[in-house]
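Asks: Starting from the known structure of chain A, arrange chain B on it as the hints suggest.
Residue-level listing of the chains:
There are 2 protein chains.
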Amino acid sequence: MWKLHHFALCPFSRKTRLALSEKGVAYDLERVYPWDATDEFYRKNPAARVPVLEDEAKRLVLVDSQAICEYFEETEDRTPLILGNALQRAEIRRLVALFDENFFADVTHPLLHEKMKKRLVLRATPDSGALRNAMKLAHEHLEYIDWLVGNRRWLAGAQMSLADFAAAAQISVADYLGGIDWAGHEEAHGWYRVMKSRPSFRPLLQEKMEGIPPPRHYADVNS
Amino acid sequence: MWKLHHFALCPFSRKTRLALSEKGVAYDLERVYPWDATDEFYRKNPAARVPVLEDEAKRLVLVDSQAICEYFEETEDRTPLILGNALQRAEIRRLVALFDENFFADVTHPLLHEKMKKRLVLRATPDSGALRNAMKLAHEHLEYIDWLVGNRRWLAGAQMSLADFAAAAQISVADYLGGIDWAGHEEAHGWYRVMKSRPSFRPLLQEKMEGIPPPRHYADVNS
Chain A
1 MWKLHHFALC
11 PFSRKTRLAL
21 SEKGVAYDLE
31 RVYPWDATDE
41 FYRKNPAARV
51 PVLEDEAKRL
61 VLVDSQAICE
71 YFEETEDRTP
81 LILGNALQRA
91 EIRRLVALFD
101 ENFFADVTHP
111 LLHEKMKKRL
121 VLRATPDSGA
131 LRNAMKLAHE
141 HLEYIDWLVG
151 NRRWLAGAQM
161 SLADFAAAAQ
171 ISVADYLGGI
181 DWAGHEEAHG
191 WYRVMKSRPS
201 FRPLLQEKME
211 GIPPPRHYAD
221 VNS
Chain B
1 MWKLHHFALC
11 PFSRKTRLAL
21 SEKGVAYDLE
31 RVYPWDATDE
41 FYRKNPAARV
51 PVLEDEAKRL
61 VLVDSQAICE
71 YFEETEDRTP
81 LILGNALQRA
91 EIRRLVALFD
101 ENFFADVTHP
111 LLHEKMKKRL
121 VLRATPDSGA
131 LRNAMKLAHE
141 HLEYIDWLVG
151 NRRWLAGAQM
161 SLADFAAAAQ
171 ISVADYLGGI
181 DWAGHEEAHG
191 WYRVMKSRPS
201 FRPLLQEKME
211 GIPPPRHYAD
221 VNS
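Same order as they appear, the protein sequences are chains A and B. For reference, each letter of the first sequence is one residue, going 1 to 223 in the numbering used here. For reference, each letter of the second sequence is one residue, going 1 to 223 in the numbering used here.
Isolated chain A (complex conformation) (with noise of 0.2 Å):
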């Protein structure tokens, strides 16, 4: 059986755990404080991150979310998710890149930092300004997923692919966070809402980080 070490508001363990379900793949949890990781799981991912996915009985270590993720698209037949030609899968690639690089960096992070890291690690004070921008840049990210599911069923073409997964596992952390503000983005938000009434994604909504509740609207799948 496979063991999911992760953390409840990491993104890229939230991308893991959507798509091995989509996938069929059962796993049990096994929740790491990313501030706090111990030598036993340094020896698992000397770049002390999650995920990693072990299979102790097998002894199998994967780490990093894109190579888990494309591990089960290689050995995995069902619920294909970086799926169509070679180029219609660089797509899925460049989007799952840009949400789990840019709007990581731009909006998930600074998010996490501020309003989760310094109130539960460093005991400071949230930097409005820092703030301000991250929920400026999530504007900017929303702008554009508004205009490619203008133009497309999904983000990346015709089918629901791990672009859809990556972005709103970004996206389902910031929202936790107070970071996301629909206002001016319907077809973004219209997205979202199918993506969080799906199966998968329930067990996330459901999941709180102690000390830090998610807004009202958080779990709602209908808001």
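Don't read these hints as lab results, they were simulated from the structure. This list has only true hints and no planted wrong ones.
Derived lysine-lysine pairs resembling DSSO-like cross-links, with alpha carbons at most 30 Å apart:
#1 Lys44/A <-> Lys136/B
#2 Lys208/A <-> Lys23/A
#3 Lys118/B <-> Lys136/A
#4 Lys118/B <-> Lys118/A
#5 Lys136/B <-> Lys117/A
Replies: Below, chain B alone, put in the same frame as chain A:
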């Protein structure tokens, strides 16, 4: 004919150039300054980053170094770089991500910021504390490379792979900027000398960034 929009000291452009050359894919180069990207470039890649690979005649645009490398892995049989079974491929992708993300964040990005961007764009003095920290973290990464090449023939296993090129691309930029001290890292140094002596590496070592001369040993494949 492919045209690669790149930047001389961008490690992701370098990784892509190495992979394309190893696979025998011909391309022209077009230099983009990341701090001065045009609207036209932004339309090709909303993330406003190099590398971008374009075939104007075929109206194809590929964005993101890993998406480009995966594309040619799927479409060109020559010189597989993400090779082996699914587990070996997961190990290659884990290490690519380790160098693309961790080494870049720990070492290459701070060196580029302090030694290139501050000199050419911000006209500011480098922060010696940030430089010391980047070089300290470089030592930790080189130690891990020592361990990898002491236990395997190449970084990810018995065969040369994209992991070697991703790592060498990052190191080559850090080395250009004077951030690599090989003392105490004989294994890693031996591996890097082999990487440097490959024909695919030669054009990178010849290239100069105006205003920032590399140290004398940089392009010498024997040192």
